[in-house]
Structure formats: structure tokens, C-alpha cells
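Chain order of the listed sequences is A and B. Position 365 of the first sequence, counted from 1, bears residue number 365 in full-length UniProt numbering, the numbering being contiguous throughout. Position 36 of the second sequence, counted from 1, bears residue number 36 in full-length UniProt numbering, the numbering being contiguous throughout.
By construction, these hints were calculated from the structure, which means they are not laboratory data. Treat the hints with caution; some may be incorrect.
Because identical chains cannot be distinguished in the list, a pair is counted as satisfied if it fits within a single copy or across any two copies.
[Said to hold, decoys possible] Okay, derived cross-link-like pairs now, SDA-like style, lysine to any residue, Cα gap no bigger than 20 Å in a straight line:
| hint | residue 1 | residue 2 |
| --- | --- | --- |
| 1 | K33 | I261 |
| 2 | K25 | D335 |
| 3 | K186 | T412 |
| 4 | K189 | S209 |
| 5 | K245 | K319 |
| 6 | K332 | G188 |
| 7 | K332 | N382 |
| 8 | K189 | A58 |
| 9 | K7 | F272 |
| 10 | K319 | Q213 |
| 11 | K186 | I239 |
| 12 | K77 | E246 |
| 13 | K357 | I156 |
| 14 | K245 | D320 |
| 15 | K314 | D18 |
2 protein chains.
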Amino acid sequence: MKNSVGKFAKSVLEINLDRISQNYKILKSYLRKAICGASIKTNAYGIGMMPVARKLFAEGCNDFFVANLDEALECKKVLSNNNIYSLNRSCDYSLPKVVNDSVISLNYNEQNFSASGEDGYEKLQNEQVISITEVIDSKIYSRNPNIYILHGVNCIDGAKAAAEMGLTPIISDLSQLEIWNNYGKKIGKKLAAVLHLETGMGRLALQKSDALQISTNSELISNVELTYIMSHLSCSDEINHVMNKEQLNEMQEYQKMFKNIPVSFSNSGGIFLGEEYHFDLVRPGAALFGIHSCHQKQTPFLQVVTLKAGILQKKILEKDQAIGYGATVSAKRGDKIITLECGYGDGYFRNLSNLGKGYYNNKELRQIGRVSMDMIIFNANNLTEEEFNEINYVELLGDNINVNEVANCAGTIGYEVLTSLGSRYKKVYIG
Amino acid sequence: MKNSVGKFAKSVLEINLDRISQNYKILKSYLRKAICGASIKTNAYGIGMMPVARKLFAEGCNDFFVANLDEALECKKVLSNNNIYSLNRSCDYSLPKVVNDSVISLNYNEQNFSASGEDGYEKLQNEQVISITEVIDSKIYSRNPNIYILHGVNCIDGAKAAAEMGLTPIISDLSQLEIWNNYGKKIGKKLAAVLHLETGMGRLALQKSDALQISTNSELISNVELTYIMSHLSCSDEINHVMNKEQLNEMQEYQKMFKNIPVSFSNSGGIFLGEEYHFDLVRPGAALFGIHSCHQKQTPFLQVVTLKAGILQKKILEKDQAIGYGATVSAKRGDKIITLECGYGDGYFRNLSNLGKGYYNNKELRQIGRVSMDMIIFNANNLTEEEFNEINYVELLGDNINVNEVANCAGTIGYEVLTSLGSRYKKVYIG
Chain A
1 MKNSVGKFAK
11 SVLEINLDRI
21 SQNYKILKSY
31 LRKAICGASI
41 KTNAYGIGMM
51 PVARKLFAEG
61 CNDFFVANLD
71 EALECKKVLS
81 NNNIYSLNRS
91 CDYSLPKVVN
101 DSVISLNYNE
111 QNFSASGEDG
121 YEKLQNEQVI
131 SITEVIDSKI
141 YSRNPNIYIL
151 HGVNCIDGAK
161 AAAEMGLTPI
171 ISDLSQLEIW
181 NNYGKKIGKK
191 LAAVLHLETG
201 MGRLALQKSD
211 ALQISTNSEL
221 ISNVELTYIM
231 SHLSCSDEIN
241 HVMNKEQLNE
251 MQEYQKMFKN
261 IPVSFSNSGG
271 IFLGEEYHFD
281 LVRPGAALFG
291 IHSCHQKQTP
301 FLQVVTLKAG
311 ILQKKILEKD
321 QAIGYGATVS
331 AKRGDKIITL
341 ECGYGDGYFR
351 NLSNLGKGYY
361 NNKELRQIGR
371 VSMDMIIFNA
381 NNLTEEEFNE
391 INYVELLGDN
401 INVNEVANCA
411 GTIGYEVLTS
421 LGSRYKKVYI
431 G
Chain B
1 MKNSVGKFAK
11 SVLEINLDRI
21 SQNYKILKSY
31 LRKAICGASI
41 KTNAYGIGMM
51 PVARKLFAEG
61 CNDFFVANLD
71 EALECKKVLS
81 NNNIYSLNRS
91 CDYSLPKVVN
101 DSVISLNYNE
111 QNFSASGEDG
121 YEKLQNEQVI
131 SITEVIDSKI
141 YSRNPNIYIL
151 HGVNCIDGAK
161 AAAEMGLTPI
171 ISDLSQLEIW
181 NNYGKKIGKK
191 LAAVLHLETG
201 MGRLALQKSD
211 ALQISTNSEL
221 ISNVELTYIM
231 SHLSCSDEIN
241 HVMNKEQLNE
251 MQEYQKMFKN
261 IPVSFSNSGG
271 IFLGEEYHFD
281 LVRPGAALFG
291 IHSCHQKQTP
301 FLQVVTLKAG
311 ILQKKILEKD
321 QAIGYGATVS
331 AKRGDKIITL
341 ECGYGDGYFR
351 NLSNLGKGYY
361 NNKELRQIGR
371 VSMDMIIFNA
381 NNLTEEEFNE
391 INYVELLGDN
401 INVNEVANCA
411 GTIGYEVLTS
421 LGSRYKKVYI
431 G
């Protein structure tokens, strides 16, 4: 839910957009012919739809997958020329500030982060902004991105909104197809769509009998232009899982059913299963954001998110002391204790209680006591006196402890670590 | 993080503000003399700072506890007369819509939910709005609420902002006290503050030696008016925990140290430990929102949040089928399968995979397969054909399965269930 913007927050969430670009380039380097799209659903895996979409668009990505129509409309808006220039005209944005030479502070209302074009550029230069993707190459906005809606459109109002904004629903149900096709008829246009076909995920897809109906009854798609057929791998994180090959076989069968229609099949993990899994368009998400998408220990992808939790209080205990709710742990007189501005209300999972780790000066610090809603406590005994005096943050996520390690520790996956990141941090986008 | 507003969302989060009022009344009924404040930190436990603060303010609550300065400024803003009237003048708000006789749809920009005063009332009446707390009694806004900042203020800029807005920092550190006292000196004013004293929580509080210094050196508080001393119970959820009495004893000791200064001590759980724990001001949070705050099975508090997850797809499987990522479960040909618009990206914890429950028509439905980022799957075999045809949502949170039950199932506490609620739902505030 909406929360206060971190104007006075001590905890800083750094998001390295340049590394997302690099991860995108790495992914492309694995592809021979396939187009590399990007999955930026769920607010770009919690990282921020707007800056991520713009960065990837500037990087040449033209195919964006989002979860639902609301996200698709937002994606369209942030990649749309008109919107950017209208915002420039009104100057209705909070200007980002330079934090250091290469960092732009984004204590801004995200909806208004739209500086671009000539006016915006000058305005921003006056405010000493060093680099903004949109400024570097505002011409990119003349391209028209493909925005795919994974949940499709499910009502006439939705179809209208999607059609007007040139969005592409992914159809996983005959009723969705009917809505979309009828809307195309109504406005006398062929509307782009993707068919999502069941190959083994069992989640949201057309079953084979539906697919057969569509492939044999052209009336069902009289006003639809099928730009892709697609499916989704359920076990691509396990390279040798039997499901991968089974799903591939199914997809190849569907390819025969829908001749000459391009195919989108692979998520991040699928890209590493070999070229036969690539088909025409891949749609990685996890790898872009530094999440492990397969069980290989080593992946070439860079960490994107750094969380530096600010310190609310440092103290040396003057007596033995129970720590936190439930008094689950006791600290000793003389222990160095640090209370951080971060809790499960900020997405630092409560089940990291007494398990979490943090870093300062390459030294590991251990979290103690239960995670509270707005605070966590660390023992800092292994810092020197000098370090204890100077320390002003603990790295909870970053190059020393990456999103996958935090996930392991919390018994989940990196995806959930990112999508759970709270909204009270001061956010800093790099690049 | 910020996310798309659920304009086209099928999943609806209903928040019953009337029940929050009732819970507040129930809490007050346990108090003989103590004032009943409210903890509305972390965006009112994820429920929405603005509507909750206003509802409680209208109910007579005048003491609001928030985590940090950003939240305090937001709280001040939403409870401030000036803000409301200036918004009325510009009519800069999205008008809420009536969904049915007693429900106001809040597909609005939360920041703009500020209709009130005479103008606003008429405007809203024209739009057929049935009830809005602020409209019912706009006079409440002549009161001046006390807003307490649990993390205190930690820099001069922060002190300036807090002082200008009449906020009350809770001091847990001598350096915070110095900043606040110095700022008072600078502007020639005595500034209200609360001292947070260590009694056994070990988290964020002044240790005894600090308290002693303050109590004996009036220079440290020359420009501070101590409105309360406070501490925080660590084990109030366990009525017989030895810590409760120990902390109470400590608090009583501090009372002697700071004679004639009122005391705030109890959270929700503390209120049920007996009147000696109440002192002058209590600050419940959990109980207001229907969260169990003690180990008693029966609590009198009403559920506040209902999550009705919308259905993206219903299908009867045409063959045996693996379900979800990792193919952790197999469903049978003929099984009734429902895919819901809700996932861990919406705060439905991934560790509810193959454990979650939902309700429709008082029938329990079981979640199957791993929770995905944007979707979950339920088996609906125990619905009749008629029910399966008509079902359009599954209750994931509400009167049939409350926040504490979901928490138990996920291995956490109700607090984290609420603070994790995502931002993609269509939100409906009742009352």
C-alpha cells in the first residue's frame, strides 16, 4: 500500500539501473536470433516500473511483459512521448537532486519523474543533474514499445482501454478472446494478441482443446492479429528437470498447430536451457534484477539492489539485557548494540529473526532478537571501537549479501525479497 | 514500493473503518482513567494512514503514534484543517463513488482523499456519496492532535520540520535530546517531547544512566516540555510472562525519577495485563486492526480487512496436470481449478504454497502449487457445479479466515500479514 516517501529516512535503497542494462546485455549475448524482451511485472519486481522500463527502453528493449492492465497502462504512460512532453510543459515534477557525481536522488513523486525532452533537459541541467537516461537519448521515445498483458483483458472496459493504448493482451481463455475479438469488430480493426498455451504450468493458459478450436475456427480470431503464441516453463530453474523437455515438446506441437506464428517461450531460466528453448522472443525478468533463476551457483548477472539500513541508535549495554519482543535473546553488559531503521513493515521478513546478517567494512554483523515492524537490532561486537564510532549504516542487501542469499536465509526466493521491499526507504537510482 | 492503482483489478481489499471505530471503543471500555491513543505507524499497519487516522480522530482519539518523521508529517497533513479546506477550494480530488448503499469505492489517489467542509460536503452529495467520516462531523478538525514520533528526530532539518508542524518526538538517545533542546533554544520555545526509557525491550530507549542524567541536569531539557515518559512491553502477548512484571517495576522506578510527568506504557497487549499497566496514556495498534495481541484464544476485536481475490480463470482439467512452479503438485483430469489474481507480489506469502486456504459460500477451498508472483491456484472440487459457475472471488482474508489464522498458516504474526498487503488491489473503505 501507499506509504510515506522517505524524505527523512535514514535507510537508503540504491537501485543500480546501469547494472540492469548490463544484465540485459548479458542476456542478449546468449541469444542468436531471438528478440530479448523484459518481464517488468509487479512494479518491475518491486524495483520501480518507471525507471526500469525507461532504462530498458533506452537500451533497445521493445517488448515489455506486465501482469495486468493497470500495470500495462502505467508502462505505456511512462514510455510515451506525449506524456513526457505534457509533463515538461507544466513542469509538474519534483526535480531530482544530485547526491554525488553519479547518483540521482529520487526523493520524488514517482508519477512525476518524467523530465525529458529539450525543456526538461535544460531545466534539469540547471539543477545540476548529471545523467538521466531519458535525457541522454530522448529520441528513443519515437519507438513504439510492445506491452504485453499477462493476465489479458477481462471486460469490455478493459478491452477499450487496452485497444486505445495499443496494448497487447495475452489470451489464456476463450472468453478473453471473445471480448477482444468483439472489440476489434466493434471498432473495425484487427487487434494484436498473444495466445498463452498450456504446456505444463497448469496456471493460466488455454487448454489444448481451446487451442484447437482457435486454430480451426478463424471466426474466433476474425479481428485479432496473433503476434505470438507463448507458454511458460514451470521448472526452468532446474536444468535437468524432466518438465523442461516435456514442455518444449508441447510447444513444438503447438507450433505446428499455429503455423508461421512467432513463439515466445523462455523466461530467464529458459534462456540457459539451450537455443531450442529460445524461439523468437524471450522474456527474462529475474536475471535482469540479479535474482538467481537457475540452480547454478554461478550466474553472470549483477546485483541491482543495495539496502543500507540507517542507524537509529548505537549503544554499549550498561547491564545484561533481553532484546526485542518475546525476549528471545539476551545480550551482555558491554555488548555493542545497533538499532536499525528497518523492519518487517519495510519488507525485512520477520522470519529473519535471529538469522539475519549485515555487513559493514566487509565485516559480518548478526541480527539479534525478533524483527520488529519498524526496527531491527544487530550485535556489533566484532567492530573495532573506531568502526563502531563511525558506522552509520549496515548493508542488508548488496554486493556483500545478495538478494539470493537473503532469500535463502529467509526460506524464500529472491523474487519475493525484491517484491516485498517497502516504501519508506530513501530511494536512489543510479544510472 | 509504489505500484499501479487497482483501477482494473479484480481483487478487492475491503477495509472496514467502522470496525476500527468499534475496536477503539472496546479498548476504551477497558480503561478507567487512561487516555486511549492509537499506534498507526507503518501506514496504519498497512491499512492506510489517511482513512484510519481520520476515522480515529473523528472517534475522539487525539494521540497518534507513528514510526518516523515522514509518517508524522503525513499524519499531520491528513488531520489538518488547512489542508482539507485548501483541497476543497481547488476541488483537487478524485471523487469517491458509491459501490452500494454503504460502501465507498476508494479508487482514488489517496493523497487527494480530502473531501470535507461545507463545500466538499455538497460536492460529494451531488455525487451521491452516502457517508464519509469527515463529512459527518467536520468540526472535529478544530482539535489539535498529538502526533508522537517513535524514532524521534535525528537531525536539525528534522527538528525544524517537526517543530514547525507541532509534532512530538519520542527521545531515546541523548543526542536526539540535544538536537531537540537546541532547536527549542534557537527558536525560543519549549518544545514538547516524550522520553522513551529502557525497561526490558532492549531496542530503542534511553538507558538508566541517561535517564538519571536527564532527571538531574535541568540544562539538558531547558527548552523541552516533557509531556510523557514512556516504555514498551516486550512480552505483553504472554500474560504470565515474567518480563511484564519486571518491566512494570522498572517503569514505576522511573516514575519516581520523573515526578509528576505522565506515563505511557501499554500497547494492545498491555491493556489486558490489568489497570496498573495503564498509567496515563495507552497506545494500542494491533487490537484496532483485529490482530491478536495476546495468547488468549478469544479476543473481542473485530476483523477489519477482507481480501476477496478475483478470479482470472476457472477451468475443468481435460487431463492430469502438474500445477505451478516446480510442478510440486499434480491435479487430476476433471479437477476444478481456479486461478486467482493474487500472489506474493501482493503480499500473499510464498510460504503459503500448498498451505493456503480460502472460502466461498462458507466452503473451504485449498490452495495448490507454489504461490506465484501474480497468481495463485485453488482446487475448487468441493464446490457444486452451480457454485463453480457463479463463483467470482475467493475470500483469502476476512470473517471466515482472519488475519491471525493466515499468519499462523504462514508461520508469522497478523502484523506482518497486514503490513505486507500489496498495492494492486482495488481498495474499498467501508465507513
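Do the hints match the structure? See the list:
1. In this homomeric assembly, K33 and I261 come within 20 Å of each other (Cα to Cα) only inside a single copy, at 16 Å, whereas the closest approach across copies is 74 Å.
2. In this homomeric assembly, K25 and D335 never come within 20 Å of each other (Cα to Cα): the closest approach is 47 Å inside a single copy and 43 Å across copies.
3. For the identical chains of this complex, K186 and T412 are neighbours neither inside a copy (46 Å) nor across copies (50 Å), given an alpha-carbon limit of 20 Å.
4. For the identical chains of this complex, K189 and S209 are neighbours neither inside a copy (27 Å) nor across copies (77 Å), given an alpha-carbon limit of 20 Å.
5. For a Cα distance limit of 20 Å, the shortest separation of K245 from K319 across copies, 18 Å, qualifies, whereas the shortest one inside one copy, 62 Å, does not.
6. Taking CA atoms no more than 20 Å apart as the test, K332 paired with G188 passes in neither setting, with 76 Å inside one copy and 42 Å between copies.
7. For the identical chains of this complex, K332 and N382 are intra-copy neighbours only, at 14 Å inside a copy versus 56 Å across copies, given an alpha-carbon limit of 20 Å.
8. In the homo-oligomer, the alpha carbons of K189 and A58 never lie at most 20 Å apart, since the shortest distance is 30 Å inside one protomer and 53 Å across protomers.
9. In the homo-oligomer, the alpha carbons of K7 and F272 never lie at most 20 Å apart, since the shortest distance is 41 Å inside one protomer and 37 Å across protomers.
10. Taking identical chains as interchangeable, the C-alpha atoms of K319 and Q213 lie at most 20 Å apart only when they sit on different chains, with a minimum of 17 Å there against 75 Å within one chain.
11. Proximity of K186 to I239 under the C-alpha cut-off of 20 Å is found in neither arrangement, the shortest distances being 46 Å within a copy and 66 Å between copies.
12. In the homo-oligomer, the alpha carbons of K77 and E246 never lie at most 20 Å apart, since the shortest distance is 39 Å inside one protomer and 58 Å across protomers.
13. Proximity of K357 and I156 under a CA criterion of 20 Å is satisfied in neither setting, with 50 Å inside one chain copy and 31 Å between copies.
14. With identical chains, the CA atoms of K245 and D320 are at most 20 Å apart between copies only, with a shortest distance of 17 Å across copies and 59 Å within one.
15. Taking identical chains as interchangeable, the C-alpha atoms of K314 and D18 are never at most 20 Å apart, the minima being 34 Å within one chain and 41 Å between chains.
In this structure, the earlier hints numbered 2, 3, 4, 6, 8, 9, 11, 12, 13, 15 are contradicted, and the remaining ones agree with it.
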